[in-house]
Structure formats: structure tokens, C-alpha cells
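When you get a sec, could you build the whole thing from the sequences and use the hints?
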Amino acid sequence: MTAYVDGELGTAELAALERHLEICPDCRCRVADELRVKELVTRNHAPSPAPAGLRARILSTIARAADEVAGPGVESPLKPLVAPFFFVAGLLGWRV
Amino acid sequence: MDEKQRQEFFKQTALPHLNAVYDSALRLAGNEADAEDLAQTTFLKAFRFIEKFREGTDCKAWLLTILKNTFINQYRKRTRGPVTIELDEEKFPGVKDRPSLTTTIESATGESELMGMLDEEVEEALGSIGEESRKIVLLSDVDGFSYKEIAEIMGCPVGTVRSRLSRARRALRALLHRYALQRGMLRK
Chain U
1 MTAYVDGELG TAELAALERH LEICPDCRCR VADELRVKEL VTRNHAPSPA
51 PAGLRARILS TIARAADEVA GPGVESPLKP LVAPFFFVAG LLGWRV
Chain H
97 MDEKQRQEFF KQTALPHLNA VYDSALRLAG NEADAEDLAQ TTFLKAFRFI
147 EKFREGTDCK AWLLTILKNT FINQYRKRTR GPVTIELDEE KFPGVKDRPS
197 LTTTIESATG ESELMGMLDE EVEEALGSIG EESRKIVLLS DVDGFSYKEI
247 AEIMGCPVGT VRSRLSRARR ALRALLHRYA LQRGMLRK
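Taken in order, these protein sequences are the chains called U and H. Start counting the first sequence at 1; every next residue gets the next number (the working numbering). Start counting the second sequence at 97; every next residue gets the next number (the working numbering).
Some hints here could point you the wrong way.
[As the list claims (entries may be wrong)] Below, in silico cross-link-like pairs of lysine-lysine (BS3-like), each with a Cα-Cα straight-line distance of 30 Å or less:
hint	chain 1	residue 1	chain 2	residue 2
1	U	Lys-38	H	Lys-156
2	H	Lys-244	U	Lys-38
3	H	Lys-107	H	Lys-156
4	H	Lys-156	H	Lys-141
5	H	Lys-244	H	Lys-100
6	H	Lys-100	H	Lys-156
[What the hints assert, rightly or not] Which chain U residues stay away from chain H? Per the calculated CB distances, all over 12 Å, these:
hint	residue
7	Leu-14
8	Ala-16
9	His-20
10	Glu-22
11	Ala-63
Quick caveat, the hints were computed from the structure, so don't treat them as lab data. Each residue gets a CB set at the ideal place from its N, CA and C atoms; glycine is no exception.
Rendered as C-alpha cells:
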């Protein structure tokens with residue numbers, strides 16, 4: 001019954017059970033009863049609210065992820081200052 | 097979609113499910129700190145793959161699938177191994193003396209009085225059937241996971257999920273029936 005209520009029966013099992021339900025009022029009641037308990041839980045369970053600040057943290061994480069994706073398209077303001085250093089370092093044979 | 101549109105689409109489509117995802121993450125991880133990490137990772141992955149989400153389909157279900165996979169891949173290994181789920185009928189009053197099903201179902205109106213149960217009564221009943229049973233019921237009925245998915249989450253065989261869920265629902269039904277009797281919603 002539980003698997004039937006949860007839509008977990010295979011085709012053959014489903015057909016067999018439905019044939020049985022046609023002739024068995026007790027089992028029809030059991031199915032209806034289990035469905036109602038399932039519906040009650042689905043409908044009445046109140047989710048634990050997410051902690052304050054989690055939404056903001058997620059937004060900040062995705063903003064950083066978006067920046068990483070943007071990658072080369074985003075110019076660092078330090079680039080013009082740092083680039084000559086690396087150029088000179090390269091000329092001198094430094095390993096960075 | 098440019099980057100700004102992606103972020104906006106994510107905010108409109110995925111973020112409204114934050115409470116549902118956190119609630120489920122709390123069930124899976126078992127503590128608030130891990131639940132928060134798990135929820136955050138889930139949303140980050142969802143953002144990275146937001147193009148794969150098809151508009152008009154169930155976004156909450158999509159997020160919960162990401163959550164489940166993240167949990168299985170990263171968290172379950174370090175939080176705990178396979179769980180044992182016990183529903184001891186002696187420990188949960190009302191389970192043994194469960195009502196006759198037909199009494200509950202067949203009322204004069206043809207509607208089950210159980211549908212008039214209050215939110216608090218349902219939560220109380222859920223809190224009385226044991227932590228693991230509560231978890232399995234919520235994974236199925238609130239999160240909408242299949243038996244196979246629940247088996248992966250819980251680290252147990254699919255058949256165990258089915259039998260535990262069946263027992264947990266019987267216990268819930270018994271408790272809800274008792275509350276209904278106490279409130280005079282049902283005749284003895």
C-alpha cells in the first residue's frame with residue numbers, strides 16, 4: 001500500500017494491486033487512509049526557517065562566482081601598476 | 097543571458113526556495129552549521145548550472161536533487177555511516193492500539209476528519225515517532241524524494257525505506273487518530 005501511495009510500484013505490481021482494490025473495500029480504505037496521512041504531512045509541515053544572513057551570504061557567494069566567470073573581462077585597477085613589475089622581473093629572469 | 101540577468105533569474109527562481117532547501121539540508125546534515133554549508137553549496141552549484149534549469153519545471157525539486165547529490169558526495173561520508181532506524185512500538189504510545197482504518201476513513205460525510213488536524217498536531221505527531229522515522233517521512237512527503245533517493249541518503253536498502261515508511265505512517269495515523277478523538281473530532 002505504501003509503495004502504491006508513493007507511486008513506487010512497477011507496472012505489473014500496479015496492475016495487480018489495482019485489480020485487487022476494485023474488489024476489496026478494506027484495502028481501498030487503507031490506501032485512502034495512508035494517502036491522507038501523506039497529504040497531511042505534505043501540507044502541514046512548516047519548514048525550519050533559514051538562519052538570518054544566509055540569503056545575503058549566498059548572494060555574496062554567487063556574486064564572487066559571477067566575477068570569477070567574468071574573469072579576463074574584469075580589469076583589476078592594480079593591473080597597470082603591477083604589469084611593469086612583472087615585465088622587469090621577467091627581463092631579470094625571476095621566477096614568479 | 098548576461099551575468100546580471102543570470103543573477104536576477106537566480107534570485108527570482110531559486111532563492112525563494114531557501115527555507116525549503118535549508119529545512120531539507122538540516123534533515124540531511126543533522127546540525128545547523130553543516131546544514132548552512134550544505135544549503136550554501138547547493139545554491140552555488142545551482143547558480144553555476146542555472147542554464148540547465150528549464151523554466152516552467154519544478155525549481156524546488158531541482159534544488160533538492162542538487163542538495164541530495166551534494167550531501168551524498170560530500171557530507172554523508174564524514175557525518176555518519178549507514179543509519180539504523182528503529183520504530184519501537186513500545187516506545188511510542190498509540191502505535192499498538194492503532195485505530196481501525198475504516199473508523200478513520202468512513203465518516204458520515206465520506207471525508208476523513210483527519211484532514212481537520214492542526215499544523216501543531218501534525219508536528220507533534222511527527223515529533224513523537226522517533227527522529228529517524230520523522231526524517232524518512234519528511235524526506236518522502238515534504239522533499240518528494242523517491243525510495244531510491246532516500247535509500248542513498250540514509251545508506252540503507254530500498255526495501256528498508258519502504259517498510260520503515262509504512263510503519264512510520266501507521267504510527268502517525270494512530271497518533272493523529274488519538275488527537276482527533278481527544279478533540280472530539282471522532283467518535284470512539
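Going through the hints against the structure:
Between the alpha carbons of Lys-38 (chain U) and Lys-156 (chain H) the distance comes to roughly 19 Å, so the proposed pair stays at or under 30 Å and holds. For a cut-off of 30 Å, the pair hint linking Lys-244 (chain H) to Lys-38 (chain U) stands: about 18 Å separates their Cα positions. Of the supplied pair hints, the one linking Lys-107 (chain H) and Lys-156 (chain H) holds, its CA atoms being roughly 13 Å apart against a limit of 30 Å. Pair hint Lys-156 (chain H) plus Lys-141 (chain H) holds up; C-alpha atoms about 14 Å apart against a cutoff of 30 Å.
Proposed proximity of Lys-244 (chain H) and Lys-100 (chain H) is contradicted: the alpha carbons are some 38 Å apart, above 30 Å. For the hint linking Lys-100 (chain H) to Lys-156 (chain H), the alpha-carbon distance of about 22 Å falls within 30 Å, and the restraint holds. Even its closest Cβ contact with chain H, about 15 Å, leaves Leu-14 (chain U) beyond 12 Å, as expected for a residue assigned away from the interface. The claim that Ala-16 (chain U) is not at the interface with chain H holds, since no C-beta of that chain comes within 12 Å of its own (minimum 16 Å).
Non-interface status of His-20 (chain U) relative to chain H is upheld: no Cβ of that chain comes within 12 Å, the nearest being about 16 Å off. Residue-level check passed: Glu-22 (chain U) sits 17 Å from the nearest beta carbon of chain H, beyond 12 Å. Residue placement check: Ala-63 (chain U) does not keep its beta carbon more than 12 Å from all beta carbons of chain H (closest about 7 Å).
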